[in-house]
Amino acid sequence: MTEESPEAFQHVSRKSGLQIWTINNMKMVPVPDQAFGNFFEGDCYIVLYRSQASSNSMDIHYWIGNSSSQDEQGAAAILVTQLDEFLGGSPVQHREVQAAESSKFRSYFRNGLIYKKGGVESGFRHVESNVYNILRLLHIKGRKHVTATEVEVSWSSFNSGDVFLLDMGKVIVQWNGPQSNRSEKLKAVLLAQDIRDRERGGRAQIGVVEGGDEEDSPELMKIMRAVLGQRSGKLKEAEPDDTPDYHQQTANIKLYNVSDESGKLVVQEVAMQPLTQDLLHSTDCYIVDKGGSSVLVWKGKEASVEERRSALGRAVGFIKAKNYASSTNVEVMAEGGESAMFKHLFISWTEKGQTKGLGNVYTTGKIAKVEQVKFDVMELHARPELAAQQRMVDDASGQVQIWRIEDLELRELHPSSFGQFYGGDCYLVLYTYKRANKLQYILYMWQGRHATQDEITSCAYQAVAMDNKYSGVPVQVRVVMGKEPRHFLAIFKGKLIIFE
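Residues in the sequence shown are numbered from 1 upward in steps of one, following this note's numbering.
All clues given are correct.
The list that follows gives simulated cross-link-like pairs (lysine-lysine, DSBU-like), each with its CA atoms no further than 30 Å apart:
| # | residue 1 | residue 2 |
| --- | --- | --- |
| 1 | Lys322 | Lys254 |
| 2 | Lys290 | Lys301 |
| 3 | Lys469 | Lys343 |
| 4 | Lys301 | Lys15 |
Hints in this document: simulated from the structure, not taken from any laboratory.
Quantities reported herein were computed from a predicted structural model and do not represent experimental measurements.
All chains should be built: construct the whole structure from the sequences, respecting the hints.
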């Protein structure tokens with residue numbers, strides 16, 4: 001760490017939440033809050049997230065635009081390593097590449113990511129509110145985490161399976177492909193509203209055109225044709241979503257030892273799955289290769305300073321040596337600060353001071369059995385006395401907090417997303433209410449029908465951890481998708497939406 005480094009990080013806040021910087025002339029330049037989620041393809045960014053649950057839990061991501069220079073990428077990698085040291089070496093470091101970001105990274109931007117052409121060197125600047133001199137076409141992709149990429153403003157950019165936003169400054173037209181799905185349409189609406197509110201001061205008009213029924217929106221189609229011209233020929237076919245095979249990715253997990261005892265980088269295979277915790281030694285650094293889908297780096301607390309500092313660079317070198325895609329995700333963590341995803345790759349991971357492995361995660365706390373009975377949620381709120389008749393703890397008007405399992409970790413959701421669940425995910429819902437002036441808790445573990453066994457197990461494990469945080473007071477309730485109990489439904493006031 002150089003003497004000048006603290007000055008370089010003078011903008012780093014100790015508060016929880018998100019901070020973003022772009023790289024300009026080897027320096028970190030803060031990105032304004034209203035521009036969060038907008039990324040120039042010609043730039044690199046550093047993103048710091050401090051958990052609200054614990055300010056000591058931090059993640060540093062460095063994002064690489066597809067058109068960024070090698071110098072910018074190198075500067076970002078160096079600054080990330082220095083920032084990690086500035087923060088005590090405890091953050092988990094992540095390398096993110098445009099259009100191949102980790103789900104953790106995408107989860108920070110609830111309304112999606114926008115990829116913008118150009119960059120700092122081109123004279124482009126981040127979002128300025130109330131600016132209307134704009135013309136761009138955004139291609140929307142993704143069911144759960146949305147990305148919006150600037151494409152050529154032409155009918156040739158459209159296809160029948162996706163959603164597009166034609167942004168003309170004062171007017172934003174959303175065009176839904178005939179084969180686009182309901183989830184993408186909803187996400188696109190939220191993104192359009194976000195652009196209107198953050199970039200246009202709430203003064204832009206939003207219109208929606210259904211691609212299969214364009215004749216139902218003559219005025220909006222007139223606006224689109226004025227910009228795009230008359231469409232000739234058929235639309236392109238839908239583009240398939242790239243969904244990697246999870247089982248194929250995890251079938252060839254290998255552990256490598258990384259050392260520089262001889263003065264040269266030496267990478268040696270140690271073991272294949274199943275992996276055990278005793279394979280990791282505090283004096284060394286290790287790489288876990290998840291079959292090319294991602295690379296995880298573990299830094300032993302007694303490893304040399306040089307080994308720890310160069311961990312990120314060596315992971316990138318490992319990817320090149322293996323001829324993996326340049327977009328392969330990299331995650332770097334220190335001993336004692338392992339992510340849940342990393343620990344899950346090992347058999348019976350034991351925490352410091354813990355005498356056994358995770359064991360049966362359902363044995364701690366109180367697990368309640370629930371009964372399925374049909375009832376009118378809205379009537380319940382209109383007549384609170386019905387709660388007693390329905391044998392419920394209250395009328396479901398208490399405080400609610402919700403977390404989704406992201407990469408086997410907890411990611412707290414914004415209240416605007418409450419009531420929207422995905423069938424491929426698991427969630428924790430903490431309900432707080434008072435009884436005899438004493439706080440009581442119900443902890444719901446909602447399991448999507450299509451969630452993986454890993455996510456279900458992690459959800460249960462995280463529930464145990466949260467139960468311990470509240471000294472075992474919460475009553476834990478396991479909820480299976482489609483069999484939600486009465487009180488759980490009442491929390492969302494009849495507005496529960498489940499995306500398959």
